[in-house]
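Protein chains: 2
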Amino acid sequence: MRPLILVTNDDGIKAGGLESLVKVLKTIGDVVIVAPNESYSGMSHAITVKTPLYAKLVKEKEGLKLYKVNGTPVDCVKLAINVLLERKPDLLVSGINHGTNSSISLHYSGTVGAAREGALNQVPAIGFSLLNYSYGADFSEAARIAEHVVRSVLNDKLPAGTFLNVNIPDAHPVKGAKIARQSKGKWIEEFVEREDPRGRKYYWLTGHFENMEPEAKDTDEYYLAKGYAAIVPCHLDATNFNLLPYLKEQNYEL
Amino acid sequence: MRPLILVTNDDGIKAGGLESLVKVLKTIGDVVIVAPNESYSGMSHAITVKTPLYAKLVKEKEGLKLYKVNGTPVDCVKLAINVLLERKPDLLVSGINHGTNSSISLHYSGTVGAAREGALNQVPAIGFSLLNYSYGADFSEAARIAEHVVRSVLNDKLPAGTFLNVNIPDAHPVKGAKIARQSKGKWIEEFVEREDPRGRKYYWLTGHFENMEPEAKDTDEYYLAKGYAAIVPCHLDATNFNLLPYLKEQNYEL
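In order, the protein sequence lines correspond to chains R and V.
Going by our numbering, the first sequence opens with residue 19, and the numbers climb by one from there.
Going by our numbering, the second sequence opens with residue 19, and the numbers climb by one from there.
For the record, the hints were derived by calculation from the structure and aren't laboratory data.
Treat the hints with care, as some may be off.
The list makes no distinction among identical chains, and a pair is therefore deemed to hold if it is satisfied within one copy or across any two copies.
[Unchecked claim] Derived PhoX-like pairs: lysine-lysine, alpha-carbon spacing no greater than 25 Å straight-line:
#, residue 1, residue 2
1, LYS106, LYS202
2, LYS193, LYS74
3, LYS32, LYS77
4, LYS193, LYS244
5, LYS219, LYS106
6, LYS244, LYS202
7, LYS175, LYS204
8, LYS204, LYS68
9, LYS83, LYS175
All chains should be built: construct the whole structure from the sequences, respecting the hints.
In structure tokens form, the structure reads like this:
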């Protein structure tokens, strides 16, 4: 039986990154896309609790189904697994995102949130992102890397309690793909401050990323700068186990 | 100098949990509240990128300032640290949330997202949640526990790269507070399926939590069931370090 692959993203059903990804996934398995009807950037692991969700079947032909949902990437995964799919998928693939989700950017990422949600449902899961924000980005190399990682995950299944955050440089060709750890970094925020037409001050988030470990040679940022895709295995367990003994010795317990 | 304490939540500026928390924090330091103007439940680590943010100073008196923001809890933290506060806060406290954020619920939680954002900005940070969803919940015991944990964190500063997710049982009295690890659990989702007035099918997320480790005696769920608050140190680094050697040996790299 061909594997059943659930696909979502956070750029919406019309994104070029989704189209490029699906093109290679169709050669590997049956594909069901359940994705937001529009862009849901920066939605992290958010879910919709206040309003109802609609899922519309937009397309169905030869081993491919496409649903659009008026919700977040995580909503799409939940709705797919619990309502829309006839059986549990063998793999969840999220992306290919337009723009980086390396280092700490993964915390804000709906692409990564969707992959985490897959893993929370015991589905092997991968989030893919290309380091190019533009609508017309060339995803051909990213799709080649994605195909390799997808085949590896279908073969290995991935150990429980993890999912992969894969970032791909905007290089042609991409040199390869490396297992990496998440780089420590920070966003230097600059809020644009303006006045609206009614004279009220408003703020608009912007900023730039700073790698706090420019010397490290095992991070996602390192490999991306060298022209390699970076594969970071992420954990589902939020516990900082190293700190448990220390905190027990301090005065935190009561 | 009295410590500067930044406070936010995801239930909005009018929530009883926020009021109870601020009451005890005022006895410890100068308090600036920067919180959503309404409830932002389930927003995780989401940020607002498509629309501008407004911050309105609602109240200012004797060592207390209250701003309301039309954004997520993480937006509030970013805006506070980068624009509204005169200096970096000594502590960020998020909550007290109306409802649990134990086990995997922390992934969906705006309360926890705000605490994580504080830690990403090198500010010691704590998220507090009470296991009672109702608007009129009694936060007196939760506030007592929160005061103890806040004083402990101000004293110890917390090691870098971590923040605390503290859940408090709806018990009177709460027996104490214990350092714990996050319990493995899952949400059994049940989407309510109905027809809207125009005959279109819609889905509404609901469900119940299932503890996958009911026998474990070191988890947040264990201590909460016994009547203790559970203090889980969470990491900022998403890397699943244990898996790096394994994945390098498999066929993932290219």
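Structure-based check of each hint:
1. For the homomeric pair LYS106 and LYS202, the shortest alpha-carbon distance between copies (20 Å) is at most 25 Å, but the shortest distance inside one copy (35 Å) is not.
2. Taking the shortest alpha-carbon separations for LYS193 and LYS74, neither the intra-copy value of 39 Å nor the inter-copy value of 50 Å comes in at or below 25 Å.
3. In the homo-oligomer, the alpha carbons of LYS32 and LYS77 lie at most 25 Å apart inside one protomer (12 Å), although the nearest pairing across protomers, at 45 Å, exceeds that limit.
4. Taking CA atoms no more than 25 Å apart as the test, LYS193 paired with LYS244 passes inside one copy only; the shortest distance there is 8 Å, against 54 Å between copies.
5. In this assembly of identical chains, LYS219 and LYS106 lie within 25 Å of each other by CA distance solely across copies; the values are 22 Å between and 49 Å within a copy.
6. With identical chains, the CA atoms of LYS244 and LYS202 are at most 25 Å apart within one copy only, with a shortest distance of 17 Å there and 37 Å across copies.
7. For a Cα distance limit of 25 Å, the shortest separation of LYS175 from LYS204 across copies, 20 Å, qualifies, whereas the shortest one inside one copy, 32 Å, does not.
8. Taking CA atoms no more than 25 Å apart as the test, LYS204 paired with LYS68 passes between copies only; the shortest distance there is 21 Å, against 32 Å inside one copy.
9. Taking the shortest alpha-carbon separations for LYS83 and LYS175, only the intra-copy value of 23 Å comes in at or below 25 Å, while the best inter-copy value is 51 Å.
In this structure, only the earlier hint numbered 2 is contradicted, and the remaining ones agree with it.
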